Amino acid sequence: MDEQESPRVVIGMDPHKRSVTIEVMTADESIVGGGRFPTDADGYGRLLAYARQWHQRIWAVEGCAGIGKHVADRLVADGEDVVDVPAKMSARVRIFTTGHGRKTDVTDAHSIALVGVRMSGLRPVINDEQLEVLRMCVDRRRSLGEEHTRKVCQLHKLLLELIPGGAKTFLSAAQAKELLKKVRPTTAAGKVRKAHALELTADLATIYARTKAADKELKALVAETGSSLMDLHGIGPSGAARLLVEVGDITRFPDRNHFASWTGTAPIDASSGEHVRHRLSRGGNRQT
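When you line the sequence shown up against this note's numbering, it's residues 8 to 295, in that order.
The hints are simulated quantities; they were obtained by calculation from the structure and are not laboratory data.
Predicted, not measured: the structure shown is a model, and the values here were computed from it.
Yeah, the Cβ is synthetic: ideal placement off N, Cα and C, and Gly gets one too.
Careful, some of the hints might be misleading.
[Said to hold, decoys possible] No farther apart than 20 Å at their CA atoms in a straight line, the calculated lysine to aspartate or glutamate pairs in the DMTMM-like style are these:
no.	residue 1	residue 2
1	K189	E168
2	K226	D112
3	K184	E206
4	K95	D112
5	K175	E139
6	K184	E224
7	K76	D88
8	K158	E168
9	K223	E153
10	K219	E153
11	K24	D35
12	K76	D35
13	K219	E154
14	K76	E253
15	K223	D112
16	K164	E153
17	K188	D210
[Said to hold, decoys possible] Derived Cβ-Cβ restraints for the label pairs, each shown as a range:
no.	residue 1	residue 2	range
18	L55	E168	56 to 62 Å
19	K189	S234	44 to 50 Å
20	V140	E206	30 to 36 Å
21	R259	Q63	16 to 22 Å
22	L55	D238	42 to 48 Å
23	D85	D222	33 to 39 Å
24	Y215	M237	20 to 26 Å
25	A94	E153	36 to 42 Å
26	D222	I275	51 to 57 Å
27	G280	R25	52 to 58 Å
Could you build the full structure based on these sequences and the hints that come with them?
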């Protein structure tokens with residue numbers, strides 16, 4: 008097909024771990040191609056060869072920060088233009104398409120392609136090593152926080168069974184260790200509870216040290232980007248890093264109003280009759 012005659016197409020992709028399903032759609036929403044391809048080296052090569060028959064193409068991939076990341080990164084590394092389609096957006100489109108909202112790989116790829124054709128301002132996927140390192144580190148910091156919360160809850164449950172009234176809400180590993188020194192259970196079950204509580208206390212001390220090191224690492228990485236986000240009141244290294252990785256290229260937002268809408272911080276008109284009022288949006292990117 009001649010490059011001048013080739014229409015501009017959007018290739019909507021529903022990604023999975025071992026396979027992807029695509030649909031090729033033109034600007035007038037005509038379907039001109041599609042198929043299912045494995046994600047191994049051979050399957051990916053066939054996918055790329057198939058797509059290159061359309062010289063003017065852009066890939067719309069669902070979940071480029073999640074399940075679609077592995078294939079989106081490979082496409083970008085091969086010089087392809089890729090935009091991220093949020094799962095919520097494709098789900099909304101699927102409801103209003105034919106098929107009564109039934110969910111299959113083919114219908115998903117169709118919905119994703121429709122979003123790619125109809126919506127502007129989708130986040131472009133870029134090959135930025137600095138941003139990728141920041142993303143990995145901030146994800147690790149979040150998982151440490153989740154692990155800390157889980158183990159603290161387990162420890163509080165055991166302490167309540169070992170100590171009448173339990174322990175205070177905000178409890179450090181050192182404080183828990185001191186409390187357990189005074190506990191001398193006489194039953195077999197009580198001794199096991201204390202042993203488990205001591206094990207959790209040691210785990211919390213390790214998590215605290217790793218969290219402190221992760222915060223220090225994030226602070227240095229954010230500083231390397233030249234961002235001044237941490238100068239704002241209430242934004243620490245983790246919050247600043249999360250904002251940077253989620254926003255990506257700030258120029259994709261035409262103005263501050265679009266950015267506020269994307270973050271869910273733009274007030275929504277909730278007026279009724281003569282009562283004029285607004286409320287905070289519950290939409291937008293919930294990570295920011």
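Quick rundown of the hints versus the structure:
1. K189 - E168: holds (14 Å)
2. K226 - D112: This hinted pair is violated, its Cα atoms lying about 41 Å apart.
3. K184 - E206: Measuring from Cα to Cα gives roughly 10 Å; hence the hint holds.
4. K95 - D112: holds (16 Å)
5. K175 - E139: With Cα atoms ~39 Å apart, K175 and E139 exceed 20 Å; violated.
6. K184 - E224: violated (28 Å)
7. K76 - D88: Cα-Cα ~14 Å, so holds.
8. K158 - E168: holds (16 Å)
9. K223 - E153: Given that 20 Å is the threshold and the Cα spacing comes to 18 Å, the pair holds.
10. K219 - E153: holds (15 Å)
11. K24 - D35: violated (31 Å)
12. K76 - D35: violated (28 Å)
13. K219 - E154: Cα-Cα ~14 Å, so holds.
14. K76 - E253: holds (14 Å)
15. K223 - D112: Not satisfied, since the Cα-Cα distance of roughly 43 Å exceeds 20 Å.
16. K164 - E153: Measuring from Cα to Cα gives roughly 17 Å; hence the hint holds.
17. K188 - D210: holds (17 Å)
18. L55 - E168: 56 to 62 Å: The hint (56 to 62 Å, Cβ to Cβ) holds, given that L55 and E168 are roughly 59 Å apart.
19. K189 - S234: 44 to 50 Å: At 47 Å between Cβs, range holds.
20. V140 - E206: 30 to 36 Å: Distance hint for V140, E206 holds at roughly 33 Å.
21. R259 - Q63: 16 to 22 Å: Holds: the Cβ-Cβ distance is about 20 Å, inside 16 to 22 Å.
22. L55 - D238: 42 to 48 Å: holds (44 Å)
23. D85 - D222: 33 to 39 Å: holds (36 Å)
24. Y215 - M237: 20 to 26 Å: Holds, at about 21 Å.
25. A94 - E153: 36 to 42 Å: Given a distance of about 21 Å, which is not inside 36 to 42 Å, the answer is violated.
26. D222 - I275: 51 to 57 Å: This hint is violated: roughly 35 Å between Cβ atoms.
27. G280 - R25: 52 to 58 Å: holds (55 Å)
Violated hints for the displayed structure, listed by number in ascending order: 2, 5, 6, 11, 12, 15, 25, 26.
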